[in-house]
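The chain contents come next:
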Amino acid sequence: MKKLNDPQYISISEEKPQKGLERFQKEFLNDRITELEELSTFLLNGNSSSIKKIAHKWIGFCLPYGFNGLDKIAHELFKNANEENLEKCGDLISSAKDYLSLKKALVD
Amino acid sequence: MSKGVIDYQINQERIRNLRSRFVIFSVIALAVIVLISFIAFNFHKNIILQQKSIRKIYKLLNKQQNAINQISSLGGLFDEEISSKEMISVQQQVKKSVSNLKSAGTELSSLILKNTSASLEDLEEYLIRKKIRSKIRNYTSHVKTLLNDSSTPAEIKKSIQYISQNSSDGDTEYINELIEIIDLEYKSGMKLIENMGLLIIFLCLLEILIAWIFLFRPLNSTVLAQNKELLESALKVESASRSKTDFLANISHEIRTPMTAILGYTEILQNQSELDRSKVDNAVSIINKNASHLLGLLDEVLDVSKMESSKFELIPEKINLSQLLNEVYSLINIKASEKKLNLIFSNLEAIPKYIYTDPKRLKQILFNIIGNAIKFTNDGYVKLTVKLEHNRKLCFEVVDTGCGIPKEKLKIIFEPFEQAYTAPNRQFAGTGLGLVLSRGLTRKMGGDLKVLSSELGKGSTFLITIDPGELGAHTLIDKLSTSITPSGISTIDHNEKPLNKKKILVVDDAKENARLFSMYLENSGAVVEVLNEGFSVVEIVKDRKFDLILLDLQMPGMDGYQVIKEIQKNGYTGKVSALTAHAMSEEIKKTKDYGFHAHITKPISSEKLIEKILLILG
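Protein chains in written order, with numbering that gives the first Met the number 0: chain A, 0 to 107; chain B, 0 to 617.
Just so you know, the hints here were simulated from the structure itself, not pulled from any lab data. Be aware that a few hints might be false.
[To be verified] Label pairs and their in silico Cβ distance ranges:
{"hint": "1", "chain 1": "B", "residue 1": "240", "chain 2": "A", "residue 2": "90", "range": "45 to 53 angstroms"}
{"hint": "2", "chain 1": "A", "residue 1": "44", "chain 2": "B", "residue 2": "414", "range": "51 to 59 angstroms"}
{"hint": "3", "chain 1": "B", "residue 1": "500", "chain 2": "A", "residue 2": "30", "range": "31 to 39 angstroms"}
{"hint": "4", "chain 1": "B", "residue 1": "240", "chain 2": "A", "residue 2": "105", "range": "52 to 60 angstroms"}
{"hint": "5", "chain 1": "A", "residue 1": "101", "chain 2": "B", "residue 2": "573", "range": "42 to 50 angstroms"}
[What the hints assert, rightly or not] Straight-line distance between alpha carbons at most 25 angstroms, and here's what the computed BS3-like set of lysine-lysine pairs gives:
{"hint": "6", "chain 1": "B", "residue 1": "588", "chain 2": "A", "residue 2": "78"}
{"hint": "7", "chain 1": "B", "residue 1": "589", "chain 2": "A", "residue 2": "15"}
{"hint": "8", "chain 1": "B", "residue 1": "589", "chain 2": "A", "residue 2": "52"}
[As the list claims (entries may be wrong)] So, partial list: chain B residues that the calculated Cβ filter (under 8 angstroms) puts toward chain A:
{"hint": "9", "residue": "509"}
{"hint": "10", "residue": "511"}
{"hint": "11", "residue": "512"}
{"hint": "12", "residue": "514"}
{"hint": "13", "residue": "515"}
{"hint": "14", "residue": "518"}
{"hint": "15", "residue": "553"}
{"hint": "16", "residue": "580"}
{"hint": "17", "residue": "601"}
{"hint": "18", "residue": "602"}
Where is the CB? At the ideal position from N, CA and C, for every residue including glycine.
Please model the entire structure based on the sequences and the hints provided.
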């Protein structure tokens with residue numbers, strides 16, 4: 000369980016990538032938007048294991064690239080995909096969409 | 000508390016022993032009683048038969064005596080002038096008496112001969128010795144003379160004289176002697192019966208005594224012992240229930256206090272529309288601190304519960320001991336400084352630089368014990384001394400100059416929910432779980448936690464021992480140095496290149512990770528190669544060796560597990576670490592079972608990654 004002062008609880012405007020990775024943020028964002036399309040397809044097909052794989056991948060690298068909010072969503076998405084709770088997965092994918100839209104506005 | 004309140008097994012064993020003893024004793028006792036009864040019955044029967052015979056003999060002798068007396072009294076009439084009618088009557092009476100005498104004598108002989116009693120054999124011997132039968136024949140022949148019509152007066156007179164002389168002594172003296180003998184025999188028989196009765200009573204008392212010693216007394220002791228145990232366990236249960244009640248009261252307070260702060264400050268934030276930044280930061284900081292404290296408290300309760308239900312697992316790994324102690328020192332020195340106490344960490348002799356244990360739990364134990372020492376010390380110092388014992392156990396001795404622990408509390412402070420001080424003013428707040436948890440952890444780590452000494456008003460000494468794991472050819476450090484390092488700041492000097500020219504292969508299908516780790520490792524001086532799938536790894540290591548391979552587990556095609564299996568099959572002996580977002584203990588165990596040298600969890604900061612790699616490379 001994370002502590003309250005952990006990075007993922009900070010506001011989106013305060014999210015910062017690790018030193019040296021700033022220039023990769025835009026590319027990172029675009030790759031995630033592409034994956035979001037894939038997630039929507041997997042959701043329609045009821046493919047929870049593929050949703051789980053993507054969520055697992057996001058957990059591995061979102062934080063260093065300064066996408067703290069997406070890391071938090073990824074954890075929840077992984078858990079719900081594991082439990083095959085597709086309804087909740089749908090809600091989380093929508094949250095991820097909103098988050099990435101906001102992030103795009105900040106990064107661009 | 001995994002041991003039952005009553006040792007059920009021991010009691011069951013005791014009851015089984017008692018039961019078998021009872022059965023054996025009952026069988027033996029019954030056999031003995033039957034045997035004694037049989038012997039006594041036979042003996043008694045023989046004596047009774049003998050007494051009956053003696054009574055019969057007595058009657059016969061009396062019959063003989065009466066016959067002789069009758070003859071004696073009638074004998075004198077033969078010499079007197081009596082009518083013939085009277086004479087006939089007298090003769091008939093005498094004949095009858097003679098017949099009685101003879102029949103009694105015959106019956107007596109027959110009785111003596113039939114009876115096998117030893118005393119009656121003596122009687123027969125007496126009769127033979129004294130020639131009683133011939134004397135009786137002699138006597139009766141004289142009586143027959145009186146009855147014989149052809150007897151001369153001189154013969155009659157002679158017979159009368161003989162009869163008169165031998166009626167009470169002489170030939171008939173034997174009767175009195177026999178009666179005396181019989182009387183003695185009778186009395187001796189009665190005495191035997193009396194003694195027999197006493198013997199039987201004695202044997203019964205003896206059996207009762209034996210039954211009491213071998214049966215009732217152990218039964219009584221067992222019942223009393225069980226009663227005592229039941230009472231003790233009832234008291235223990237009652238005490239445990241009271242402790243639980245106290246614990247619930249404590250824990251309720253411990254939870255309410257931070258919850259009050261959290262709710263209070265969130266209400267402030269909610270209600271106040273305009274607060275300056277510093278006040279908001281202060282409120283958030285307080286909420287954060289209290290929430291963390293609450294979380295720690297709940298974790299403690301859960302840990303104790305897991306430990307008691309044996310579901311607790313350690314996650315050991317290779318750790319830098321000096322670094323761990325530094326981290327503990329920096330955090331806990333804050334508390335010591337607040338109370339103006341000296342906090343000293345030192346070592347006696349060289350200690351290993353790296354040990355193999357669960358770092359989170361070791362820190363938990365140290366925080367708990369040193370934290371307690373600081374809590375109960377108002378002035379002076381708290382000192383931690385680290386030592387590697389000859390039996391290869393790593394010892395941490397914590398000495399304080401605090402208030403000490405009362406003697407009566409020393410036995411119970413390691414019990415759940417018990418505390419050394421439970422003053423109503425709650426001067427020393429706590430749940431009463433810290434020590435029981437710490438002891439449970441040290442025991443799981445192959446050691447123990449005990450109080451070496453404690454004196455009221457002077458302080459206490461606690462000793463923590465753990466198994467430091469396989470040290471092998473371990474590096475030792477001579478002097479432990481502690482410095483205050485604020486959390487989040489690495490102990491690695493970034494001006495140096497700690498991974499100086501180490502050849503590291505990063506394998507990850509996600510370019511983001513590959514890019515990230517390459518950057519981290521190259522910044523630390525490593526020579527990095529990147530591959531994005533498993534098959535390439537199998538090929539590349541056929542003729543090349545790396546100082547370390549960081550291998551992602553979840554990859555399309557060939558996953559990390561398949562890769563390590565394949566390269567090890569091909570004889571690759573270099574170090575391979577798993578690099579994965581999975582942090583669960585099952586996954587860590589799985590990677591260990593597959594032969595991974597380490598398990599690194601993503602996401603990971605640059606500093607932590609380099610530290611872990613330095614540990615792996617040794």
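The hints, checked one at a time:
{"no.": "1", "hint": "B:240 <-> A:90: 45 to 53 angstroms", "result": "holds, 46 angstroms"}
{"no.": "2", "hint": "A:44 <-> B:414: 51 to 59 angstroms", "result": "holds, 57 angstroms"}
{"no.": "3", "hint": "B:500 <-> A:30: 31 to 39 angstroms", "result": "holds, 32 angstroms"}
{"no.": "4", "hint": "B:240 <-> A:105: 52 to 60 angstroms", "result": "holds, 59 angstroms"}
{"no.": "5", "hint": "A:101 <-> B:573: 42 to 50 angstroms", "result": "holds, 45 angstroms"}
{"no.": "6", "hint": "B:588 <-> A:78", "result": "holds, 21 angstroms"}
{"no.": "7", "hint": "B:589 <-> A:15", "result": "violated, 34 angstroms"}
{"no.": "8", "hint": "B:589 <-> A:52", "result": "holds, 19 angstroms"}
{"no.": "9", "hint": "509", "result": "holds, 5 angstroms"}
{"no.": "10", "hint": "511", "result": "holds, 4 angstroms"}
{"no.": "11", "hint": "512", "result": "holds, 5 angstroms"}
{"no.": "12", "hint": "514", "result": "holds, 7 angstroms"}
{"no.": "13", "hint": "515", "result": "holds, 5 angstroms"}
{"no.": "14", "hint": "518", "result": "holds, 5 angstroms"}
{"no.": "15", "hint": "553", "result": "holds, 6 angstroms"}
{"no.": "16", "hint": "580", "result": "holds, 4 angstroms"}
{"no.": "17", "hint": "601", "result": "holds, 4 angstroms"}
{"no.": "18", "hint": "602", "result": "holds, 4 angstroms"}
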